[in-house]
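The listed protein sequences derive, respectively, from chains A, B, C and D.
For the first sequence, the numbering used here gives the first residue as 1, with consecutive numbering after it.
For the second sequence, the numbering used here gives the first residue as 1001, with consecutive numbering after it.
For the third sequence, the numbering used here gives the first residue as 2001, with consecutive numbering after it.
For the fourth sequence, the numbering used here gives the first residue as 3001, with consecutive numbering after it.
No wet-lab data here; the hints were simulated from the structure.
One or more of the hints may lead you astray.
Think about it this way: if two alpha-carbon atoms lie no more than 30 Å apart in a straight line, the pair counts; the simulated DSSO-like pairs of lysine-lysine are [stated by the list, open to error]:
id, chain 1, residue 1, chain 2, residue 2
1, D, K3042, B, K1039
2, A, K57, C, K2132
3, B, K1054, B, K1102
4, C, K2132, B, K1102
5, A, K299, B, K1114
6, B, K1071, B, K1114
7, B, K1054, B, K1143
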Amino acid sequence: MATKLERMAGSKHRFLLNMGPQHPSTHGVLRVVLEMDGEYAMELDPVLGYGHRMHEKMAEVRPTSGFYPNTARMDYLGAILFSHGYVGLLERMAGVEVPERAEYIRVITAELNRISSHLVGIGAYVLDLGAFTPILYAFDDREKILDILEAITGSRLTYCYFRAGGVSRDIDDTFIRRTREFIDRMRNRMPMYHDLVTDNIIFLKRTKEIGLIDRDMAIRYGLTGPVLRGSGIAYDVRKSEPYSIYDRFDFEIPTGENGDSFDRYLVRMEEIVQSLRIIEQALDALPDGPVMAKTKKIKLPAGECNYTVEAARGSLSYYLVGDGSDTPYRLKIRVPSYANLSPLPELCRGILLSDLVTAMGSLDLVIPEIDR
Amino acid sequence: MSGYFSDLITGSKSLLVGLGVTLKALVSPVVTVQYPREKIDVSPAFRGHIDLMKDETTGTHRCIVCLSCMKACPCQCITVEGEKQEGVKGKVLTLFTLDFTKCSLCGLCVESCKPHAIDFSDEYELAGFSREEFFYDLLKRVKERA
Amino acid sequence: MKSSEAILKLMEAGFQAESVDVNGVGYHVRAHVDAEQVRSFAQWLLAQGFFIDFLTAVDASPRIQMIYQFAHYDHPCRINARVPLPDSGAIDTISDIYQGADWHERETRDFFGVHFSGHHNLVPLILCDEDKDLKPLLKKEGDRKSLEEIGWADVPAAD
Amino acid sequence: MDTMQMTLYDVLRMVIAFLLVITIVFINALVMGYLERKVAAKIQRRWGPMEVGLQGWLQMVLDGVKIIAKQLIVPRDADRVVFRVAPLLSFTPVVLPFLVLPFAKNLVGRDINLGLIFIIAVSSINVLSIFVAGWASNNKYSLFGAVRSVSQNIAYEIPILLSLLSVVLITHTYSMQGIVAAQGTVWFCLVQPVACLIYLVSATAETNRAPFDLPEAESELTAGYHTEYSGFGFSLFMIAEYANMFIVCAVATVLFFGGWHGPFSGEYLGVLWFLLKVFLLMLTMIWVRWTYPRVRFDQLMNLAWKYLIPFSLVNLLLTALIVKCI
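Between the sequences and the hints, there should be enough to build the whole structure, so can you do that?
Pasting the structure below:
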């Protein structure tokens, strides 16, 4: 794919640099064409589509239930969160009542998944800055979540656990005990992360004032998630349009002050703490009952429906147009990373290559989500 | 100039704290497992590839060739065939294959199976040199186990 | 701003809008916008502080429907606008108003072949150069449903 | 005839010393490679190499064999001759300083009276090899690494020299043995703590170790100047890096940590003390590497020009005053 920059004959001192598709800091098959002036990136042009699988087309050729595994394969770090949006869409459209217990289980697993996603996001971000050790500590904690989730969902990464009407398997006392243990463990681990990473002078100097995002920019690009909240805008779908049973929990939306890379990192750290709070409350209030609705088969009416949830990286919308049959007529998936990556050319114009890595890492991109 | 010395002091302190964290980790026990030497128990819920379950009472599988798993599979990786045989009610299973190269381990087939004829196996050490090694003949497997 | 307030303001600005059941369709306000109103609609939304959620198309007979969805950071107000694509197959770009629409428009061009007039860089985003006329999400003749069949009443496009 | 025999003896001595040094350099790389992997693993709470030999100690030998067996790939547009020469060039400057390092009281290749100057002079060639490697690769990332390396080395030679001078002012000699001999009672890290710290920080930068590994900068420049190297060329760079570490740590030991001094260090046993100190310093460098993120380029320069150089200048001035007064 020849990009705009490649077609352009650059000025004398500038040259083109290909970052990716196999660069350690693009987190997958993203390619960024840079027009460099020395070590300064003057123009950027992200090139997408190296791993595009056309999930939206796949949704049009199979029954709605056949799309469950696909949801997990868009964002492999927050698979449950992506499933949550999809089953929510089906339930809203077909008017299915979900049992209380299933809703609580969904919230618990989704928040666990959010923590594990943020742990990878933070770890990979610090890895971009050159520190190799924090990511392995983060993986150590994440492994505990994966163990907990594996015990009920059966898989460790691409969970296919939620069904329209409930969840596929009930949780047991072991799950509750292990989750509570994890909450304690994670709370004890947070100071360690702050000592090792947050307070580190090199980390602070590398991330402060880098990649500034303000409100105007966020609106124009439609940024959501921690990337947005780092700029001090308390927008979280869980609060603004509470889905599932999120309106029953007491939690805060952490926000940053300056909208730089450091604030985005800090917001993710704080969100881990808030997610732990939600899980704790949900475990305390967990009711008994069935975990699957009585409905035999999901029947979609003709018409449109939208369902928005807060995925680990921002607001995720499923928009479905049905024709009365079992197969969606059109399914549009609005993924957060897609919007979060789009300001990159404006965000990183005229900054050092090292800062480009910092700013791009702070967006916490998952490329398969963009190339869905 | 005001930040010059304070940067130096707080910076050095933060660096020392960081070294302390890694030093503590250096003397802490290892958390990983030496995989082929030691193994962790497979979780009971683990979703491996599907397998035909053996019924303890009859000593054979429970499949009634209703084809609901085939229909439920989003990846079309299950092939089930059956035929009418004299003296037997319903159809008799003659072919049950799984193309594991396509399977996405979603579990929809297991959920759709009314007589609980299929379930997940707990095999996770799956590696092979050719594609054909992942075309499983589940009927043959259940007979071999019997 | 409350959704009712948003509707009033939309009406004042000359757009048709109605309130819908948010638990039924997942957004608060449905707007009816003509193809030539798209730019002024987007400008109005930007002035009111709405951010772009997504932009896509649905292939239905007699014409492709463009879907624009916007939401607000401070208030639970999600606006969904359905714009029938004119028969010329081209619609005005909003990528200079909402820079975030840039990629959505390029993706829609890739998948549906919709032309966005005025777009500064309408080259394939996902598809490669050889496949740029593939239009994978267009329905085959026969599979394409009419607007009534997918639960929408036809709003005639004003060319 | 007599002079002829002396020359032969000298040549023989030099050849033996040279062979020994080469052996030390290779063995050092093996040991350090193993330690680096093992310590990094322990810091990250994993096992590290475990498969080959007890606790995986043969792993590096095996890796060495593997890497030598690998194909040497030269990129199409690279400057072929220079590309091949660069790894060898990186190897020379790290071998030569060993000749003047005092391992023990009587164990030194050649104790010349300008030993310290010799080490500083020779190890500066290292930057040339990195630059040549980056340039010859004809790869933009490699070139970035090369350019970074040059300015980094220029900036950090100065604090190194200044901090070493503070010691020389006390000892009045450039001879390595002389400096060690002067530390019979008290080590210079107590007499010159500032110079010692400045030297250690600058030495980390000089050897391109994290957090100052900008010429390599894996997450930014993929692998910097050795992106295009494979097989033995790559391994020569790695060996050179570890040998370089050994040298800067050995110099630090000689200048600040009492060299081969220690209990029971007789004529030759001092070598054990010397190696112990050198390896402890190298382990610290490894420990630091696996703890911190990488600094940015301008911050690296800031550190050198705004902190290290002024501090070392002030330190040098104070030392000179005190020495003069005493």
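When the hints from earlier in the document are held up against this structure, which numbers fail?
-> Those not satisfied: there are none.
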